[in-house]
Amino acid sequence: MFDQLIIESQTSTNQIKLKPIRLINDKQIYFIRVKEEDYVNQKSYLLGLMVMVGNELITTNYADTKLLLSEIKLFERGNKQNTFTSLEKFDNDINLKLNLHKSHIYISKAEALTITSMFDESKQGVSMQRIIENEFVMTPSVLTKLLDNTGLLGRLVK
Amino acid sequence: MEILLVVLTVTFLFFFKIIFFKKEKKEDKKREKLDIEVIEKEEFFYEILEKKEEEKKIILYELNTSPIKLNLYAFDNFSNHKLKKLYEKLTIEMLMIDEPFHTSFFAILKFIDTNNFWIRNPKTSSIIINIRDINLEKSVHESLKVFDTRDIVIKIIFELLPYVKHNFKPKTKQILLLSCIVFVLAKSQNIKMICEDCESEYELSRCIVEKILNQYSGADASEIIPKNNMNYTLIGQLYDRVIHSAREHNNVIKIENDLQDTPRLLENLPKKKLTQINSETNNVLQIVLKV
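Order-wise, the sequence lines are chains F and R.
Per our numbering: the first sequence = residues 1 to 158.
Per our numbering: the second sequence = residues 1001 to 1291.
The shape of chain F in the complex, shown without the other chains (with noise of 0.2 Å):
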């Protein structure tokens, strides 16, 4: 049960990190990106990008992530068929709704921006041909395996 979890790289000199970049303290929301560094060629290559909020990954594909932006930039102008969102207005105030496994949280129209634009300054300088034409395929054991080299896994509870 343990000891079956196994890491998949495309060659065995490259080594796959995870890298989690801030996007908003209160809420923790955070863009984890999937790093392969390749040490011959002095290079690094992005192969994945997954979007994290406390303790709960919400989406692991490429694909999945851009929708999750979408929607959120779109905001009030979005529609009633999201996947990932939903709007709710309080005192004549609309947020977005996010819904987690258990609970939920609500996006202002600021935290929206700021994400937005915190993926669009992340993508400077990086090629996403990776991203798009292989991307790398996450199974639960994998991904366990790596949170717990970056020490995501197993945080002490407050």
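No lab work stands behind these hints: they were computed from the structure.
The reader is advised that the hints may include incorrect statements.
Simulated pairs of lysine to any residue, SDA-like, Cα-Cα distance not exceeding 20 Å [said to hold, decoys possible]: (1) F:Lys66 x R:Asp1133; (2) F:Lys158 x R:Ile1128; (3) R:Lys1254 x F:Val142.
If you want a taste of the chain F side facing chain R, the calculated C-beta under 8 Å gives, among others [as the list claims (entries may be wrong)]: (4) Pro140; (5) Leu153; (6) Leu156.
Even for Gly, the Cβ is constructed at its ideal location relative to N, Cα and C.
Could you slot chain R onto chain F? The hints should help.
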């Protein structure tokens, strides 16, 4: 004159010889005496040495008993070598082979050995993962840090044994060991699949005693449940101490229906066999018998 001279020389020589011989005899006697003394001393010394060796030999003699055989379950039943060591230690060194205890202890060890039980680490947080399969179907997993139940059972019992050896009566000793294992099993997560509709730890441990330790009944069975045991605080303290230094593993579970780790009960136990004990352990047994 010539005749006189000859007589004188002869007499002189005669006396001289006598005196010389006497001296030699005296010296010889002295030497003999010394030799005898030396020989006596050496003999005495050798006698002491021999006596000492004999005394040592008496201690070193092995008892002329036929090789001891015990009625045990085969050690090959365990796949985990540490559990095997524990069973060996309890049966061969400590000779805890009284009947209701022996089979029930073996049954619960075997039950732990065949199934992968794990305990959630309460100090660390888990991560929920929404992921898609190859068929692009959504599923929700939870990845978390986990303790192996086998490790903790083994550590607790090895910490408990030096306490138990001299302080308790045999029956309380056996019940304490069993209740320790039940205490750890009730903490583990996937035991709930066997004992359905049991939520509290008390109910879980009662269910374990009913299903696995069915050879005990009445007052003994109720005392195996850790909360009814006299030494409940000792078990709790040992568990807390062991958890600090135990090794963590990563584990993934499917949240809605996880059928991977369903534990199964043992239906039939293997039969006992008469097994001969090794020579090393035999010596230990002799010392125990002498004391």
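Structure-based check of each hint:
| no. | hint | verdict |
| --- | --- | --- |
| 1 | F:Lys66 x R:Asp1133 | holds, 18 Å |
| 2 | F:Lys158 x R:Ile1128 | holds, 18 Å |
| 3 | R:Lys1254 x F:Val142 | holds, 14 Å |
| 4 | Pro140 | holds, 4 Å |
| 5 | Leu153 | holds, 6 Å |
| 6 | Leu156 | holds, 6 Å |
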